[in-house]
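Put chain B on the given structure of chain A with help from the hints.
One line per chain: the protein sequences are A and B, in this order. Going by our numbering, the letters in the first sequence line up with residues 27 to 403, in that order. Going by our numbering, the letters in the second sequence line up with residues 368 to 548, in that order.
Take the hints with a grain of salt, since some may be wrong.
Stated by the list, open to error - Using 16 Å as the maximum straight-line C-alpha spacing, the simulated EDC-like pairs for lysine to aspartate or glutamate come out as follows: (1) A:LYS320 <-> A:ASP357; (2) B:LYS459 <-> B:GLU416; (3) A:LYS320 <-> A:ASP360; (4) A:LYS402 <-> A:ASP278; (5) A:LYS54 <-> A:ASP28; (6) B:LYS527 <-> A:GLU38; (7) B:LYS425 <-> A:GLU96; (8) A:LYS54 <-> A:GLU38; (9) B:LYS459 <-> B:ASP411; (10) A:LYS320 <-> A:GLU401; (11) B:LYS459 <-> A:GLU401; (12) A:LYS320 <-> A:ASP278; (13) A:LYS402 <-> B:ASP479; (14) A:LYS402 <-> A:ASP266; (15) B:LYS459 <-> A:ASP373.
No lab work stands behind these hints, which were simulated from the structure alone. These figures come from a predicted structure and were not determined experimentally.
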Amino acid sequence: MDCIQAQALISEALDHQPVDAALLEEAKSHCRTCESCTLFVRALNVIQRAPLPAPPADLTDRIMAVVRAEAAATEQAGDTLSEEVATAEALAGALTEGSAAPTDSATATIQAATEAARNKIAEKSAKRITVTPAPAARSQNWAWAAGVAAVLILAVVGGSLGLLNSLNSKTATESTGDVVYNIAPESVTSAAPESALSATGAQGGEFGAAAKSTTSTVLFVTYGGAVYRQAGGTRTSRGDLASSGSVSTSFDAQTPFAMHDVFTSSAEPDVIYIANGTNNYERFELVTRSYQGKTYVLNSNAIDTFGGWPGLPSGIPAPAAPDGSPVFLTDGTDATGVTVYRRTGADARLGIAIAPNTATSDPAAGNPNWTWWVEKQ
Amino acid sequence: MPPLNTDDAALLAAAKDGDLDAFEALVRAHSGAVYAHALRFFGDVGAAEDVAQEVWIKVYRSLSTFDERARFSTWLYRITRNACLDAVRAGKRRPVPIEVVDTIPVPGDLADQVALTASVEAAMTALQPEDRDAFSAVALFGLTYIEAGEQLGVPAGTVKSRVFRARRSLAHVLDLTAGGA
Numbered sequence: 027m028d029c030i031q032a033q034a035l036i037s038e039a040l041d042h043q044p045v046d047a048a049l050l051e052e053a054k055s056h057c058r059t060c061e062s063c064t065l066f067v068r069a070l071n072v073i074q075r076a077p078l079p080a081p082p083a084d085l086t087d088r089i090m091a092v093v094r095a096e097a098a099a100t101e102q103a104g105d106t107l108s109e110e111v112a113t114a115e116a117l118a119g120a121l122t123e124g125s126a127a128p129t130d131s132a133t134a135t136i137q138a139a140t141e142a143a144r145n146k147i148a149e150k151s152a153k154r155i156t157v158t159p160a161p162a163a164r165s166q167n168w169a170w171a172a173g174v175a176a177v178l179i180l181a182v183v184g185g186s187l188g189l190l191n192s193l194n195s196k197t198a199t200e201s202t203g204d205v206v207y208n209i210a211p212e213s214v215t216s217a218a219p220e221s222a223l224s225a226t227g228a229q230g231g232e233f234g235a236a237a238k239s240t241t242s243t244v245l246f247v248t249y250g251g252a253v254y255r256q257a258g259g260t261r262t263s264r265g266d267l268a269s270s271g272s273v274s275t276s277f278d279a280q281t282p283f284a285m286h287d288v289f290t291s292s293a294e295p296d297v298i299y300i301a302n303g304t305n306n307y308e309r310f311e312l313v314t315r316s317y318q319g320k321t322y323v324l325n326s327n328a329i330d331t332f333g334g335w336p337g338l339p340s341g342i343p344a345p346a347a348p349d350g351s352p353v354f355l356t357d358g359t360d361a362t363g364v365t366v367y368r369r370t371g372a373d374a375r376l377g378i379a380i381a382p383n384t385a386t387s388d389p390a391a392g393n394p395n396w397t398w399w400v401e402k403q
Numbered sequence: 368m369p370p371l372n373t374d375d376a377a378l379l380a381a382a383k384d385g386d387l388d389a390f391e392a393l394v395r396a397h398s399g400a401v402y403a404h405a406l407r408f409f410g411d412v413g414a415a416e417d418v419a420q421e422v423w424i425k426v427y428r429s430l431s432t433f434d435e436r437a438r439f440s441t442w443l444y445r446i447t448r449n450a451c452l453d454a455v456r457a458g459k460r461r462p463v464p465i466e467v468v469d470t471i472p473v474p475g476d477l478a479d480q481v482a483l484t485a486s487v488e489a490a491m492t493a494l495q496p497e498d499r500d501a502f503s504a505v506a507l508f509g510l511t512y513i514e515a516g517e518q519l520g521v522p523a524g525t526v527k528s529r530v531f532r533a534r535r536s537l538a539h540v541l542d543l544t545a546g547g548a
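If we strip away everything but chain A, and leave its shape as in the complex, we get (with noise of 0.2 Å):
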């Protein structure tokens, strides 16, 4: 045995990797004789014992704040849709008393409803308080609310319009259907695929049967966080691009999803070349926007379907309604007349959303998820 295969032997020994009891012996009673082979085991020995460098005793405190002021904003944001269920609630109980001549039936089937949602946000609030839930169940539960508090203000506008006074009792049963499907517990705790919300936009809290079929015809991938997206420039060679990563996704709708190797170009700073396994470099430019002079990045969760939207971080929920609401609050207008969101409680330096389907010449160009964007430093 000589040193380099002695070494590796130990090497792989301290990894905790399988190696043959009689090799390794051989390899320990070599470097026990072999001047070099020992003062390799002595180094390995000072690594060993050298502590790792310590982070500031404050860091974790830092952390934790972050991370405790962003789970009491998020849930600051569910109770603020509770109560606007309630004021919902409140108000159809004040529209139909005073409306001119509710049927019966109407008012009770109203009654019905709001009794049903109060109950439900009962429910969820009583689980809420013993087993906070993960931020992708609490996005579900304020869909399920906003659902709610939809349907019971279109009937208190239907009510106030004197439309709730045309409704047979069938019609209001009908709208009470409407309410009972969707507080369905499957749709509230159905855990479908991320593969699957990001192929039918759904994870961006999209509005309208149209965006929900939508797919993308630009190829975008998730690297770090940030989105790219394919922008033509194929390299037939390496070069001199750098080794970088990898990441996962499809160049066609029939092939699997696999990991490619991912590499840059210091001359490109915003570009990143994908390895399309024929020897072959695609080009993928960084998504970005501008706002207010700053440049920002589009950030998503991974795209795990050919065709698949960015959507919103796994950290944001989705908007219950079309103004962004509870989740955000209009920031501005970008220099395009786009609508700028914020999070509610937040301000834009930790990040900007739009909304869905955007025009064609915008960055977000047509995506029919909620896009979330971080300054770019």
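Leaving out everything else, chain B in the frame of chain A:
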């Protein structure tokens, strides 16, 4: 750093249920590896702190998507590595340049842990980035060669070679003649 143990699994499950104390325990248990990886990547304390903070916020935001069949350490390594690369791509930070290092003296007194750490960390700057990356995955985060290979997009044998090359480089740079070791 030890790989995921049953404590990690329990803490993860509790954190996914919204228990922030459990999440904090996870942060305290693993922040050393995250910080060390970032510090070796950037060679800058401020950058390492920023990235470490960003990593843990990403972990928190992504808890619901974590597949518990995977190991937490593998997931954490991926997020940490991506956060470092992302910071460079976004133009926020620059990776530490590779230093041409002749030798780094090792303190005679190995009990002087501050000096020992300083020597080893100085030696780390001599490593090629891909060797340091593989060494970090295996030695800091406790990944197997196969797991590290999956994360780095290279075969397990390549990881083994890179880790070994990193150790030989470190052994070559560390000057043990001052005694102690």
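Violations among the numbered hints:
4, 12, 13, 14 and 15
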